[in-house]
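J.: The lines below spell out each chain.
There are 2 protein chains.
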Amino acid sequence: MKKTKWIWCPNAFERYHGMKLHNRRTKGGFHIPPMWRVDAPGRNLFLYKKAETEKEETIVFHANTQNAALRIDHSEWYPEGSVVTVPAGKHMIKVNAHKEDGFPAVYIEGDTYASDGSWRHGSYGGADAHAGYNDMYTELSDNPEVFKFAYKRIEPVKSEDVAGGTLYDFGKESFGNIIFEGVSAKEAEFSAYCGESREEALDYKNSIVKINVKCEDGKYASESVAFRFVFVPDFGAEYTLAADFEYLPVENRGTFKSSDSLINKIYDIAVYTLGLNSREGFFDGIKRDRWVWGGDAYQSFLANYYLAFDSDTVRRTLRILHGDDPVTMHVNTIPDYSFYWVISLWEYYCYTGDLKFIASAYSDMRSLLGFAEGRLSKQGLYEKRGGDWVFVDWAEHFDKDAGPICAEQMLLCRAYECAASCAELMKDTEGAERYSARAKDVREKINALYWDEEKRAFIDEFSTGNRNVTRHANIFAILYDLTTEERKAAIIENVIKNDAVPAIVTPYFKFFELAAMCEIGDFAYVTDMLRSYWGGMVAEGATTFWEKYEPDMKGAEHYAMYGHPYGKSLCHAWGGTTPLYVLGKYILGVRPTSANYETYEVRPCMQELGLGAFSGKVPTPRGDIEVSVSGGEVCVRSDISGGKLILGGEEYVIEKDTPLNIKTI
Amino acid sequence: MKKTKWIWCPNAFERYHGMKLHNRRTKGGFHIPPMWRVDAPGRNLFLYKKAETEKEETIVFHANTQNAALRIDHSEWYPEGSVVTVPAGKHMIKVNAHKEDGFPAVYIEGDTYASDGSWRHGSYGGADAHAGYNDMYTELSDNPEVFKFAYKRIEPVKSEDVAGGTLYDFGKESFGNIIFEGVSAKEAEFSAYCGESREEALDYKNSIVKINVKCEDGKYASESVAFRFVFVPDFGAEYTLAADFEYLPVENRGTFKSSDSLINKIYDIAVYTLGLNSREGFFDGIKRDRWVWGGDAYQSFLANYYLAFDSDTVRRTLRILHGDDPVTMHVNTIPDYSFYWVISLWEYYCYTGDLKFIASAYSDMRSLLGFAEGRLSKQGLYEKRGGDWVFVDWAEHFDKDAGPICAEQMLLCRAYECAASCAELMKDTEGAERYSARAKDVREKINALYWDEEKRAFIDEFSTGNRNVTRHANIFAILYDLTTEERKAAIIENVIKNDAVPAIVTPYFKFFELAAMCEIGDFAYVTDMLRSYWGGMVAEGATTFWEKYEPDMKGAEHYAMYGHPYGKSLCHAWGGTTPLYVLGKYILGVRPTSANYETYEVRPCMQELGLGAFSGKVPTPRGDIEVSVSGGEVCVRSDISGGKLILGGEEYVIEKDTPLNIKTI
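Protein sequences appear in the order of chains A and B. Read in order, the letters of the first sequence are residues 22 to 686 in the working numbering. Read in order, the letters of the second sequence are residues 22 to 686 in the working numbering.
By construction, these hints were calculated from the structure, which means they are not laboratory data. Relax, there's no trap hidden among the hints.
Calculated lysine-lysine pairs in the DSSO-like style (CA-CA distance at most 30 Å, straight line): (1) A:K115 / B:K48; (2) B:K71 / A:K405; (3) A:K71 / B:K48; (4) B:K405 / A:K71; (5) B:K111 / A:K405; (6) B:K115 / B:K76; (7) B:K476 / B:K461.
Note that the structure is a prediction, hence the values are computed from the model and not measured.
Sequences and hints are given; from them, build the entire structure.
T.: Following this line, the structure appears as structure tokens:
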């Protein structure tokens with residue numbers, strides 16, 4: 022990695038690209054605004070670096086704006102482009118820049134003074150911090166205002182003359198720029214229509230993604246859009262159509278393969294689904310809003326730790342989700358998403374050990390949790406307040422307006438626990454004690470107020486007296502370890518394995534459900550669900566997983582949602598997160614037991630699940646861990662030390678770079 | 022005034038133009054950055070209006086960006102340009118817009134729903150507020166990103182072939198775009214040099230304002246710059262040179278005329294000086310930094326109440342000076358300027374009665390004073406803290422690093438008093454009590470800690486034991502009424518009329534000095550000072566008043582400052598404020614005794630000052646007040662009721678529109 026980087030105000034990069042992506046939604050070609058406050062980067066920059074050198078040093082000062090100036094100590098100001106000699110000794114270099122659009126950034130060639138994260142951001146009396154940077158932008162020719170996607174030309178696999186035009190099929194869900202070339206009417210203007218389904222592209226009055234083509238010299242490239250199908254009405258001219266597939270060039274280091282071809286296919290589609298949604302941040306879906314949502318992102322983070330282990334996208338996503346202080350609303354206006362944000366931060370540390378990021382995000386964590394705390398009831402519980410959207414799940418099994426609901430307190434409790442852990446890391450003893458005490462208090466209240474001794478389960482809420490039991494809170498209780506072992510056993514019997522309790526129907530909440538089922542060892546439920554629910558989408562021809570799947574629906578019914586015939590997103594991150602996460606964490610069985618996989622365990626699932634032989638790789642920041650299971654034989658090979666293979670009651674030390682083979686039968 | 026206005030986020034207009042002007046400084050053609058945090062407007066806008074109408078109403082939705090959308094209640098989103106019918110009944114219209122450069126603004130044609138200040142800004146959980154607007158932008162064709170200056174073509178009055186080029190003289194200090202036309206080398210590129218003085222324009226290596234001319238089709242118009250002289254080196258082509266004088270089109274309603282032609286000339290130059298500095302806000306000077314500074318602005322506000330009575334520029338200036346919350350530094354990093362900000366707010370109310378503005382600025386007042394309070398010493402006094410620039414005056418008579426200085430506590434005390442008055446207006450009883458108590462406390466400490474019984478005067482500071490006496494604090498004590506009448510009498514004797522105490526030498530502090538002299542009735546000192554100090558600049562050929570004037574200097578020495586041969590600003594607002602303020606408030610003798618001149622007094626100066634007959638007009642929000650004094654006869658004619666003429670011990674009621682003539686001899 023090169024030392025010199027473009028540098029900017031802390032978070033400016035994430036603010037800018039977050040602003041752009043939240044303002045990019047259209048419907049039928051027209052702008053649809055974001056539903057929450059969108060913060061923008063500052064337009065003035067002040068960075069400085071103090072250093073001492075034994076020899077003089079020549080630096081070259083670049084900025085992405087002419088309104089920029091550099092000075093050494095109290096020297097004259099040097100303009101952008103200057104080559105300046107910094108004398109030997111102790112000096113302070115200051116750089117200012119202003120840019121009205123985009124955001125100001127500077128690039129300083131040099132040795133000691135080369136621009137990088139060691140530069141400081143001057144806040145004029147606030148808290149100075151490290152300059153912002155991103156490792157993608159290390160060349161002078163890089164432009165941090167242009168997000169560094171990769172591009173690959175793709176062609177339709179099929180075309181069809183239909184309905185007064187041509188329908189192109191790219192064979193699978195895609196994302197990128199639609200390219201018209203060789204248009205014989207060189208300045209033609211017309212509209213084209215994209216569809217995630219054939220129906221959507223052809224039903225051009227209703228298709229979400231409309232492209233207003235304006236050719237110049239027989240060519241046109243659209244903005245980036247989601248599509249599998251493109252319908253181009255005849256406009257009386259010849260042309261060729263292709264697309265520049267736009268993607269984040271990260272390596273999918275995680276793998277999974279078994280003897281079950283359906284599970285393999287599900288895994289592959291999940292890989293592709295998460296990949297398409299991995300962009301400036303982890304998106305919810307690529308067609309409709311293309312925004313960053315905290316709940317969707319939470320699952321993407323966890324799935325990502327078993328696929329690309331792309332830490333930078335996790336960091337960018339968390340920064341986009343938080344926005345500027347003061348916090349005036351929950352993440353995406355959703356309290357659960359604020360709590361997931363805090364939980365995500367701690368889990369990020371558990372997987373990566375990236376203390377530097379926790380340090381830079383800790384004040385954001387405090388401001389977000391502080392905001393949430395400021396809105397708690399007198400009882401110290403989360404209760405819906407004006408402007409809040411209590412989500413929990415699309416499936417509305419419980420009365421969300423019935424006072425404080427159990428599931429929300431559980432996320433609050435877990436957020437407090439994670440905040441306490443982060444505070445300990447930051448040596449914020451007072452914070453750690455306070456957050457721990459609050460976690461304990463909320464946990465006690467959950468167990469006192471929501472546990473129903475007759476039903477032997479957590480009820481949704483206590484205000485109405487309905488004593489309704491759904492799966493959500495009970496799943497959280499197991500997943501986040503929020504009650505006694507005795508009560509967990511009761512929950513498994515009375516809720517989890519009780520068909521009378523309404524099933525989880527959304528892929529979003531199935532993530533939590535299947536993880537909980539793995540935690541209690543019911544792996545067969547999990548693989549059965551993969552085969553039936555995700556397999557159901559595969560049977561419907563899905564090339565990416567959907568926002569929601571209802572097996573009873575037929576044909577184009579599947580595409581409707583939110584009162585719109587194509588409102589459903591057919592490439593939704595949360596559709597793909599579950600297979601990746603459960604297969605990596607619970608079937609291959611790999612998880613860190615301390616941060617950065619300094620220690621870890623491999624506990625492959627040895628139950629008979631119809632997978633036959635299976636194997637795969639789990640990425641870590643320090644290397645990969647390979648696991649294969651075949652006919653009762655387990656083999657683990659790891660790039661890193663610190664691991665234990667756990668089989669039955671036995672533990673085996675995993676030596677770095679040394680295959681460990683254990684026969685269980 | 023038309024009902025429909027362009028509307029935007031509160032303060033977006035001031036943030037935008039404040040950002041632009043603070044980033045516009047150059048030296049020799051290169052960017053010089055601001056010295057403080059510069060805040061920018063948000064790039065996303067959310068406004069709404071709830072109303073009830075008996076009939077349906079058609080509205081037209083305009084925005085300055087295509088990324089804009091409007092909805093009625095929960096309707097579909099309508100794009101920019103839509104004509105929409107709002108049904109009869111109760112409805113809520115929401116508008117969102119995003120713009121990356123500039124700032125988003127919308128314009129809605131309609132009746133009930135026409136865009137204006139009754140629209141609300143939605144803050145997503147913060148404090149919603151009235152939409153921002155400015156009465157200059159009421160036409161659909163207006164562009165709030167372009168500040169609405171007026172322009173007038175002006176020509177050089179003289180040109181001279183010299184030093185390998187041509188020197189143009191516009192006859193007086195000017196501001197605007199330098200225009201090259203009819204350039205025979207149609208794409209010529211060359212540099213031209215401006216000067217406030219002949220010397221500066223000719224000394225092109227050192228002239229502050231350099232113009233990089235790039236002709237297109239034989240024409241070029243520069244950015245707006247300050248100039249009297251322009252030097253154009255020969256570039257081997259023909260051309261004509263002119264300028265578009267750029268100014269704020271406000272009427273100078275205040276006037277002053279006497280039999281003393283020097284005083285008249287001083288008044289006229291002061292009028293011109295303040296006019297040139299009245300721009301997006303009140304500037305310090307038009308050549309060098311062209312920024313908005315709180316101390317300079319404070320004086321401009323007061324002078325403005327006696328000249329154009331341009332309330333909008335006062336409001337814009339206060340908003341530019343404050344910036345966004347949280348406050349992390351003093352106004353311009355100068356604590357005195359923070360205190361002047363608070364004082365200015367109350368004085369603005371006293372002159373205008375504009376309760377609406379006080380309401381919209383009250384939270385800014387609290388955050389600024391709150392910031393200052395957070396930095397007070399344990400004793401509750403202002404003491405210099407890191408990053409602060411303790412200014413008080415250019416003239417460094419006192420040791421600014423010697424602990425808490427007296428002058429600063431006096432401004433703090435006055436700021437608390439004014440804050441208490443604003444709090445009362447806002448019915449913030451708790452705030453009013455707290456601020457009053459703090460004012461009382463600071464006042465007591467000033468009188469206890471800084472009063473020297475031996476010197477019978479306020480000393481600069483008590484920390485060093487030097488017991489040094491300068492004029493500054495003692496002038497504030499009189500001007501802001503901060504001590505007993507007995508002590509004031511002692512100050513007059515021991516400081517004000519004591520030549521052993523170093524004189525005030527800057528035009529900046531002469532403002533406070535001359536106002537204090539008027540308060541104690543020494544008008545002759547004031548007119549003498551006008552004649553000698555301001556008259557001295559006139560004798561040097563000044564066409565506008567200077568940043569600083571030192572009578573002993575000769576020729577081009579006058580132009581040097583800050584270690585630069587032309588560093589001094591020759592058109593500095595604070596050079597012009599004093600004549601306007603003292604002639605209006607103390608010689609014509611007009612001042613409000615309650616807000617908005619609901620009551621006021623006219624107390625013309627009847628002392629023999631060598632002015633002969635004098636007369637003038639003082640503007641108020643409700644009309645003008647004319648005063649003339651000639652040979653012992655006083656005549657007052659006023660557009661407004663509520664006034665009293667005070668002559669000697671006598672009071673006479675001023676009837677609206679009815680000339681009141683009183684003979685005193």
